[in-house]
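The hints should help you fit chain Y onto chain H, whose structure is shown.
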Amino acid sequence: MERFVIIGAGAAGISAARVLRDFRPNDVITVISTDETVHSRCMLHKFLGHERDAQGINFAGVKFFEKNDIIHIACQTVHKIDTAEKKVLFGEGYSAPYDKLLIATGAGFFIPPIPHFREAPNVFGFRDLSDALKIDEAFAKGKRVFIVGSGLVGLDAASALCQRGAEVTIAEMAPRVMPLQTDDYAAGVYQRAFEDHGCKFLLGIGASDAVVDGEGNITEVILSTGEHVPCDFIIMAAGVRPRIQLALDSGIAAERAITVDDHLRTSAPDVYAAGDCTGLSGVWPDAMDQGKAAARNMAGVDEVYPKPYPFKNTSNFFGVTMLSVGRLDLTEGADILVHKTPTEYKKAIVKDGKLTGYLSLGDISNLGLYLHLIRDSIDVSGKLDKIFRLTFADFYGINERNGEFAYRAK
Amino acid sequence: MKRIFIDPAKCDGCKSCTLACMESHRQDGGHGLYTLDLTDPANQSRNRILSDGQGGYSPIFCRHCDDPDCVRTCMSGALVKNEATGLVDYDAEKCAACFMCVMACRYGVPAVSPDRKRMVKCDFCQHLEEGPACVRACPKKAIEVREV
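Chains H and Y, in that order, are what the protein sequence lines are. Counting from 562, one number per residue, gives the positions in the first sequence under our numbering. Counting from 5, one number per residue, gives the positions in the second sequence under our numbering.
Rather than coming from a laboratory, the hints here were simulated on the basis of the structure. Glycine included, each C-beta is placed from N, C-alpha and C at the ideal position. Hints are supplied without guarantee of correctness; some may be wrong.
To be verified - Output of the computed footprint for chain H on chain Y, the stretches with three or more beta carbons under 8 Å from beta carbons of chain H:
hint : segment
1    : 55-63
2    : 108-120
Claimed, not checked - Calculated from the model, a selection of chain Y residues having no Cβ within reach of chain H, i.e. all distances over 12 Å:
hint : residue
3    : Gln-31
4    : Gly-36
5    : Ala-82
6    : Glu-133
Looking at chain H on its own, in the form it has when it is part of the complex (with noise of 0.2 Å):
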């Protein structure tokens, strides 16, 4: 019989935990989390929103660990991993000895330098349960937010708060709202939608100090126009670091992410990671796909993790949908195409023949075949002229053996 421990609850953890006591129906899995309970990173909006509870926003399902004899030991932080004696420590002398280990702490946000930012009790992230909790509590008490970053997720804080009647800033470093997903048009749709619900936005404005009262707590942010902006709690989206102290507190190789090889093992025998900690990608499905491949690997399969495509995002907020794939930035030597209507808008980005970048506004429905395209650079050279009306029907091809669907050339 194997021990099998998975320290960290998300979409990686969860899923390795899945595929594990799916190839190991005996062996005993346990896995560690800091987080309370199961809940999905990529809906703390609709918990912040008030639209559902902490159970409305488990991704695993109800009574997960029991039906799954899984053993989770919550709410306890891994402070160490023993490699020579194959045990990880937790909590006050607490220990939990293993034959394989999963790392999937995930990343964590990342505050930049600003004065009195880094100590100051009323800055939050928002990134997990715990982050959402104390947003909801400093909603409370005061409703004036200062939000820095406006990718999605400062936008997903903002959406919630909006709806709930916060007076929201937002201070964004680009010159326009989700600077990697949108181009300078999409991302004017998104700041009207936000602005109609009452955001306001600084684009291409930082934070660069703040004025703090007795308790350290800021009560204005100071921008790096000198304009001073009053406000009761400050959530920052400036992005995530991927979770490392505990890898290097442990001498497992890392750099500014745990390093992994092609089977998703780190520099410690029978040690793998998965997920944001890695550093590979920072987008759900590759991190439930990485918890996959690398459970597989603990259980003996012998699985190559492919390099994931980390440029891929959907979004909507306030019913506007988007669908924005590859990269849109990178233009040079492309051919940028345009379609625009009242309701749509979409363009793509053809570099020789291969599709690179994909963006889409207004009814996304069927268009996941873009992501296919520009993923396995399939070639859309004769099929410029209907760049925007590409379906299955284009590459159609059947599985006779399964009755599964197939790419095929034409």
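Just chain Y now, with coordinates in the frame of chain H:
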């Protein structure tokens, strides 16, 4: 598990399957094609019959894949591969309307509901004892349910 097998060579593009799908999933309580509102986006079909550009047709039906892109990408737990039936089940109550499934399906099957609050795809007509309405409606036997 069961899957709807497609023989595109037999399809003559009549779209009886599309009408049957709309009828099977209509929410207005009515019955029969004579009262089915074909212009109401709420009655959207989950299958699509597309031209193959050479005079034939490419029927697009959810494959309920063995390793479904949509399930792998779902961050709410709304999409689940049912191990017992082999079907990809969808729970609209759990769905967070993030539409990562729409982005992930390489065959472009999932659609967005008109109110943009849920995704729309084939449910294999599990509410009908006799099985998928599209299959029964096809006059050419271009689609049929087979055990995989």
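Evaluated hints:
1. 55-63: holds (count 4)
2. 108-120: holds (count 11)
3. Gln-31: holds, 18 Å
4. Gly-36: Given that every Cβ of chain H is farther than 12 Å from that of Gly-36/Y, nearest at about 27 Å, it holds.
5. Ala-82: violated, 9 Å
6. Glu-133: Glu-133/Y clear of chain H: closest Cβ-Cβ about 23 Å, beyond 12 Å.
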